[in-house]
Amino acid sequence: MTTSTAPLIQASGLAILRGERVLFRGVSLSLSPGDAIVLRGANGAGKTTLLRMLAGLTRPEAGEMVRAAPHHWIGHKEGIKPQETPRGHLALWAQAWGSKADIPDILEKMALTRAADVPGRYLSAGQRRRTAFGRLLLEDRPVWLLDEPYTALDAAGRTMLDAVISGHLRTNGAIIASMHDAAGFPVTNEVTL
Amino acid sequence: MSAAPILAAFRQAFAEAWAGGAGALLPLGFLGGAAVLVPLGIGSDTQTLKAVGPGIIWVALALSSLVTLERIFQADAEDGTLDLWLQTGAPMAAIAAAKTLAHWLAAGLPLALASPLLALMFQAQASMDLLIHLGFYTLGGLAFFFWGGVGAALSATVRRGGLLISIIALPLYVPTAIFGALAMTGGIGSDGAPMLLAASTLFACAVAPYAMAAALRLAAD
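First to last, the sequence lines map onto chains A and B.
With my numbering, letter number 16 in the first sequence gets 16, and the count goes up by one each step, no holes.
With my numbering, letter number 26 in the second sequence gets 1026, and the count goes up by one each step, no holes.
Worth flagging that the hints you see were computed from the coordinates, not collected in a lab.
Small disclaimer: the values here were computed from a predicted structure and weren't measured.
Incorrect hints may have been included.
Stated by the list, open to error - Which chain B residues face chain A? A few, computed with CB under 7 Å, are given here:
no.	residue
1	SER1002
2	PRO1005
3	ALA1008
4	ALA1019
5	ALA1077
6	ASP1079
7	GLY1080
8	THR1081
9	ASP1083
10	LEU1084
11	THR1088
12	THR1157
13	GLY1189
14	SER1190
15	ASP1191
Every residue gets a Cβ at the ideal spot worked out from N, C-alpha and C, and that includes glycine.
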């Protein structure tokens, strides 16, 4: 992981239109190694849209953005196919990303060992979230973009996720997460939309 | 650039084509059903059936290729997979082409392979011609899938977009249908028709992936 303190993401004056309406404008943020930025805002304030912008999925209407490091994306939709098992999902993305990660080990960390071979259509919402979070451990990437990571997780799941995020921050990783609840990891900055 | 994301996209799409809804069986059933209705409608006169057979099979092939296309990108947009594919760093055109090719292998190739059986039903002579025609149907079917893929990508975020796919894709099917039918009926100017059929398929394979990629990026925006 990078040891310099140059910003991983630098954005200024971001704005987006949705239809005729300005969803937000003048949003600036800078993410350095070890930072955890939490996005706050009411439903519909544009937290997901801002995250999609930082992921390169949505083009900003105005503003500048430099994305200097590879990122992981965990959106609202987990990206799991109905026929895909958690093991199959992680194996597929390991293949796509050229990762040599130990998949049984990741499944164990995510407490998915028992559900490892259950097709996606039978997984619970929490199990789907845990499968998606497993992707974070497939490859070492400095930036994690997490959209409401606590959604559908039980208490044990939150504790597990907090531990994974804290570990990432300790090794000079950085995250940007949209959240409604208090974070269970050290937050360096909050951005309110 | 590594080919790994493209191979993974192919693998996932192929698995999904079989898991999502009976793989080749649904379009095959549609092809058979559509072709069987024709003799019932126009009567069983041997000469008439022989004359219209190849044309009917082309139309049935075009329509049945549309049956599976609704699934190739719409499901990805719904379950979030599209967002992940857009972020792999691999060219989206290559990923879209890999997915289309996977669906063609799972559903389009079986359709083409079934066409000689239908031709026999339309009183065609069992000869080497059937195998040559099989080649034409295979080539044309590939073009149908790539043009249909453009329609599927454009309507990826549209609910019940199946009809929209047909409206977008059917005009693009025209050159393939013309040259394909011409190559088989052996009418005036049919000498170059097989080459033109191949050229139209090549054109589809070269151009459609870029159109799909642009449409998919727009769908995720």
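A quick look at each hint next to the structure:
no.: 1; hint: SER1002; verdict: holds, 6 Å
no.: 2; hint: PRO1005; verdict: holds, 4 Å
no.: 3; hint: ALA1008; verdict: holds, 4 Å
no.: 4; hint: ALA1019; verdict: holds, 3 Å
no.: 5; hint: ALA1077; verdict: violated, 9 Å
no.: 6; hint: ASP1079; verdict: holds, 6 Å
no.: 7; hint: GLY1080; verdict: holds, 3 Å
no.: 8; hint: THR1081; verdict: holds, 5 Å
no.: 9; hint: ASP1083; verdict: holds, 6 Å
no.: 10; hint: LEU1084; verdict: holds, 5 Å
no.: 11; hint: THR1088; verdict: holds, 6 Å
no.: 12; hint: THR1157; verdict: violated, 12 Å
no.: 13; hint: GLY1189; verdict: violated, 47 Å
no.: 14; hint: SER1190; verdict: violated, 45 Å
no.: 15; hint: ASP1191; verdict: violated, 46 Å
Hints 5, 12, 13, 14, 15, counting from the list given before, are not met by this structure.
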